[in-house]
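Enquirer: In case you want the letters, here they are:
There are 4 protein chains.
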Amino acid sequence: MTMIEKAQVTVKKERREELIDELVARQRRFHSLPGDLPADEAAHVRRSALEEIAGTSLHHTGSFSLDAERASRRNCENFIGAAQVPVGVIGPLRLNGQYVDGDVYVPMATTEAALVASTNRGCAAIREAGGATVRVEEAGMTRAPAFRTSGIEETQRFLAWIRQHEDDIRAITDATSRYLKLLDIRPSAIGTSVFLRFRFDCGDAMGMNMATIACDKVVREYIEPETGIACIALSGNFCVDKKPAQINFQEGRGKRVFAEVELEAAILKKYLKTSARHLVEAQYRKNLMGSIAAGSMGHNAHIANVLSAVFIATGQDPAHVVEGSLGVTCIEPHGPEGVYASVYLPDLPVGAIGGGTDLATQHEALHLLGIRPDPERPGAAARRLAEIIGGAVLAGELSLMAAFTSNDLARAHERLGRGKLPPGTDPSV
Amino acid sequence: MTMIEKAQVTVKKERREELIDELVARQRRFHSLPGDLPADEAAHVRRSALEEIAGTSLHHTGSFSLDAERASRRNCENFIGAAQVPVGVIGPLRLNGQYVDGDVYVPMATTEAALVASTNRGCAAIREAGGATVRVEEAGMTRAPAFRTSGIEETQRFLAWIRQHEDDIRAITDATSRYLKLLDIRPSAIGTSVFLRFRFDCGDAMGMNMATIACDKVVREYIEPETGIACIALSGNFCVDKKPAQINFQEGRGKRVFAEVELEAAILKKYLKTSARHLVEAQYRKNLMGSIAAGSMGHNAHIANVLSAVFIATGQDPAHVVEGSLGVTCIEPHGPEGVYASVYLPDLPVGAIGGGTDLATQHEALHLLGIRPDPERPGAAARRLAEIIGGAVLAGELSLMAAFTSNDLARAHERLGRGKLPPGTDPSV
Amino acid sequence: MTMIEKAQVTVKKERREELIDELVARQRRFHSLPGDLPADEAAHVRRSALEEIAGTSLHHTGSFSLDAERASRRNCENFIGAAQVPVGVIGPLRLNGQYVDGDVYVPMATTEAALVASTNRGCAAIREAGGATVRVEEAGMTRAPAFRTSGIEETQRFLAWIRQHEDDIRAITDATSRYLKLLDIRPSAIGTSVFLRFRFDCGDAMGMNMATIACDKVVREYIEPETGIACIALSGNFCVDKKPAQINFQEGRGKRVFAEVELEAAILKKYLKTSARHLVEAQYRKNLMGSIAAGSMGHNAHIANVLSAVFIATGQDPAHVVEGSLGVTCIEPHGPEGVYASVYLPDLPVGAIGGGTDLATQHEALHLLGIRPDPERPGAAARRLAEIIGGAVLAGELSLMAAFTSNDLARAHERLGRGKLPPGTDPSV
Amino acid sequence: MTMIEKAQVTVKKERREELIDELVARQRRFHSLPGDLPADEAAHVRRSALEEIAGTSLHHTGSFSLDAERASRRNCENFIGAAQVPVGVIGPLRLNGQYVDGDVYVPMATTEAALVASTNRGCAAIREAGGATVRVEEAGMTRAPAFRTSGIEETQRFLAWIRQHEDDIRAITDATSRYLKLLDIRPSAIGTSVFLRFRFDCGDAMGMNMATIACDKVVREYIEPETGIACIALSGNFCVDKKPAQINFQEGRGKRVFAEVELEAAILKKYLKTSARHLVEAQYRKNLMGSIAAGSMGHNAHIANVLSAVFIATGQDPAHVVEGSLGVTCIEPHGPEGVYASVYLPDLPVGAIGGGTDLATQHEALHLLGIRPDPERPGAAARRLAEIIGGAVLAGELSLMAAFTSNDLARAHERLGRGKLPPGTDPSV
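Keeping their order, the protein sequence lines are chains A, B, C and D. FYI, my numbering numbers position 410 of the first sequence as 390, with every residue one higher than the one before it. FYI, my numbering numbers position 392 of the second sequence as 372, with every residue one higher than the one before it. FYI, my numbering numbers position 207 of the third sequence as 187, with every residue one higher than the one before it. FYI, my numbering numbers position 80 of the fourth sequence as 60, with every residue one higher than the one before it.
Source of the hints: derived by calculation from the structure; they are not laboratory data.
Any copy will do: because identical chains look the same in the list, a pair fits if it lies in one copy or spans two.
As a list, the in silico DSBU-like pairs of lysine-lysine whose alpha-carbon atoms are at most 35 Å apart:
1. K197 - K161
2. K250 - K197
3. K249 - K197
4. K253 - K161
Based on the sequences and whatever the hints tell you, model everything.
Expert: Shown next as structure tokens:
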């Protein structure tokens, strides 16, 4: 488990010192190190320069086991090392889905005290109830270029042309990747601005890059030359990537995920220290009325917390948590003193390949979840991840909502955040 | 730079094997390891069990240099190791602010190809323009408990009582931490639900936990007993934490940050490969009309990307990126063929202490930014971080908007994301 | 032009006095007058009772020429008379549309000083520019019943059944009126709530009632009995009728209308006392940035004003102005010192038959606009009305935006609202 | 009750014919009739010309009893007559408020069948329950000019200046009317755009014009000259007038109104043909979940309907219904099988003087409601109107929500809208 710093042996010390000096003196830019410098070594040189400039140590940043060569090429320019984010595990989380059926342990990368413990408590309740039902639908990855027309009539002709040539357009987009399939094109026109929201099935990839490349191809090589209508921005914010937007809530984006569970009174009491009446009232006043009072697009307790933790652990794009937070949590009375609880995540962009999924620890996290993309079943791995996330989010919602009813939110933060509990113990359950 | 695994020597191998077996056989829960087990060792035991259960390796997850003892107590229960997120550096970013004045290098933890390179290009343009002006205002960390009344008249009496006892309330909240100061209480009442949005200055902490603890104290020990009005949820979603909500956009939350720069035609051309006319049109069709068409709360290109990268690198709560994405980017014609560009971040919760800021790599990242909390100047360190983030976000917006105008968004993704460029080179500038 | 009060002669005075006394003494309810009492007479009796109860006169309320019999049966229960709303006329408004081509004079019922004069000024500018281009699309009238299921799996079966039986559903809905055609059904499911948004073409009717009746029929007689899934509310607020909602902005409702015009510098100066530069800046700071700052769903100056005036004059449902206000106004630089201006009204529910369109003055207003429904061309009359409204709204936007740039908004209100100008004069143009 | 057409006798027939011919031939504009022409006569001339141009009759439009002279000067330019909107009455509506205490009959001007009958039914239930509790708060009429600065630093200086000179600003605004009082100024700044949201108490006036005039005065004569900062639009859409906007929902505008009632099972059954269980479920699925699914800003059944009917009857600005529709309706279980029901109207701009309130029928409607402005108690009359509207809206919500639960929405529309019931009868109760 020792970190091997190959770089240190491949470059002569003098050369290294020289490069560091040049960076410090601003005679050289951080992204202009010699192309033949190994990535580890380049990172070391950059760190050393920064240490000198800022008068600080970057020792830990330089302590990593990921493949620097690959990361600096595929994930992160001006690479200097890695941030270490603590990972905890929850589970087993019992799920009844189409892509996951059984128990999983879910890794969460977080720095927020009590989050893992709390979500884990939700898993216990779900497990005792026989598991959560989870389902995923393909909402599709979207990209919406913005075009400029001269007004209504040209817009109408342009949109008619698009409709008439949808097959040709599809032929071009779908040729850019064997995993990308154009699902449809949704137009919107206001004044002289026209947006075409391309929606793609991207298999096991989250797909934002594939969608961008496909749109670029068809826009630059076919739509613009054939129609003479100029594309002003390949992303016209009608996509909508990483902004909270109603079009995403209404139409979905990435995966659309549903998760639900029914909990009896005994389970509520034993595992969540609460009752149906209390949970339902907290749901009503917080997730419904409070969200309405706030003009919120998210009607939930803390979906973003669970999402960001699983996203970072599994190499998803953490900026996509913005979209995931649009979710809706329901808690309704069910049976004698029990509840029905659900989460609805209409906009969950996730992938099992590409992005950060190939990085060392992220790859391990996906394996831990049983996620191994299979070219024979494109999309199944990403859907499995989506179903698991749906279940984890449900666990997180249940536990936090229950915490409100037993007044222990602040206390958990106080104990855990300030480190008053001995390691290895967990206040929940 | 070797990883020291202290745990391996402190516990007898037999004991370890036994615990692993118990976890695998579900005779023991992952959070119920013996309290005297060192954190490193507990993590190792959990990883070993998971490796056996899932038939996979967690080697890299176990390769970390952070203080496991501390992380497992303060940041992450059921600790098993660390996720390694690649870190790149941008800069120097030249800023003219009240808490930062001069050049800084900003670490970004990301797995998204081209993000660091692109933001770095924005820094170059800003630097050549003499730097960005940045300002921060204290919007205040908020927490809004939800109460239940019997209706209008009781609500009116309750709110009158709150107004009359604001000094007493402040005395109680402010006694919970010497860094917390109650700024004001904003009520909202709908039907039988009443929300009190407490707003605090939390010094150098992001403050969500401090605010929660202060609210818990005053609600449970003073407001509820004195008024007889029940608090149903300590967080009533009128706070609003980690959901996109208009109350946050209108009132602000955490820090309210402004950043701006004026760029002449020559700089636009040399550093951003664009012109004022193109940038302004892309701004109009994408950030304004496209966002309007989408029903978006965020009128910007990709604020969430830069935020999440700096947040992860510096130990901020990545789920708060949801709030940060509410920002507004402006690009306006300015002078002969130049532009004025700005970002407005009304809802940026950041801190220089607490949360993930004390973790090994995160702490280094803060030091790199010159962020060292000073008890004599509470709040100054967090505000410096906020100003720097404002500048980095501006750099990111400029570069991506310029990329749209020169059609190179997709191409950058194609080259960088697929790893076609040699390490150490950077396509920008 | 004398008002004939037929009622006064048909009922004996004693009988009338007796009924009035009973109403005043609360021995009889206002809606329980004898069924054989003519509507005029019933109105008179109610007015007399109210006059006595409130100690006030309702003389003017009783001065009307509309058909009381018909109005009290079809439009307004407990009928007591009519509100008189002043009507002014604007025009000629020159329009180049598919359903209107040429000049029209548009009646506006309003009590807001300066509104007619200002909109009329906009007409002059449009006319001089050769007219506005207008287009209408059938967005469809919608009604979305809310259903209750037991959760995900039942919802999926329910929605599959709906998809499989769409033809049968259509057969039932379309049999309820020969003018109603089901276009499609859009589902939405959150937790145990399922919404089916039925979208209909309703010919020349605005269609809310037709849609409701068709939904009632198919839900009660087919969907509920066949699936066993209970409909909880025939309108589930996913329709969305008379509330500002993103689903309507995204999907449209009623008619989707586009109107635009290009104005040269000379026209801007002569008719609107402004310049392109000033108009474009006002558009940017008010309709775009101001609306964004406000969290507004309407990006326009005052679409609701023109809509409500034309709606009341022509017998449309004034509560639908809520939906119409979602519109977006654009003003862009165009040619040398000119502008392109447009309005986009995605959610304009209007009809040429039904509702208030058959009332005396409303009917005249429609005739003045050349709107005479033709069973051979169902829908054409309503679309003509929609195109005209689009043009009138554009005129209103242009004039008010121009007023801001010449600082004369307040002055117009001051002069006109306070009655300082002699009748017959008009400050505009 | 005869209509007197004074105009017809004051102008010589030849002169009239001549003017009509000029209008028809477009040798004269409709707003350019001789200044000494009496308003009645001018209206007649315009109608005659329009009748000739459009080949239609405007007989009913010319049948009115309002004061044409006054209306054409103060309410409606290019005056041609009046639209007659049927008025029905509901009540008695029993209210327990601060400005109304007891029973009132409320006039509603509407063309929507079943609306009056349905709202009346709600009144019966409220009356039997002892009346609704109503309260009004002064949210204040707002106007927000938009200014242009050069960026952050100038904006900060500008806002500091505004804060420092608030007393001087108040002295100027408050001198423009003895009924206007500046409450406060709320700033918002994005990029180079700055908005100052002035909030005024306008006594018994709705106040939009008073606020505009006051802002114009202080901006043109004080703020602009003293600061050198240009006002780009006197209304910067951060006001926000007649658009659905979150700032209004959060901050309120005009009056903020609360109304509530508790209904026992017997009343629910007898008067509303429903039960608590059914009402509460319809509330949950429609007003809460359906509105959430739709991305709606209005969480209610049909507030806009009742508002528009009372607004037109009483001379309010019907375009303000857009703002009123932002309201929230609550229905909660209460006691054994009963419910608590409430409406919250944060944005209700109404007045008892000015606007259309002085017109003949509108004035009568206000008198019927006991609304007579008293200079000794400025604001009390407008607040009485607001409280009454709150009660009427509550009645409307209750009845429609109940109708959903008994499946009689469509049937009521069918019967009433198609005129199948004899006059004088009412299907409700």
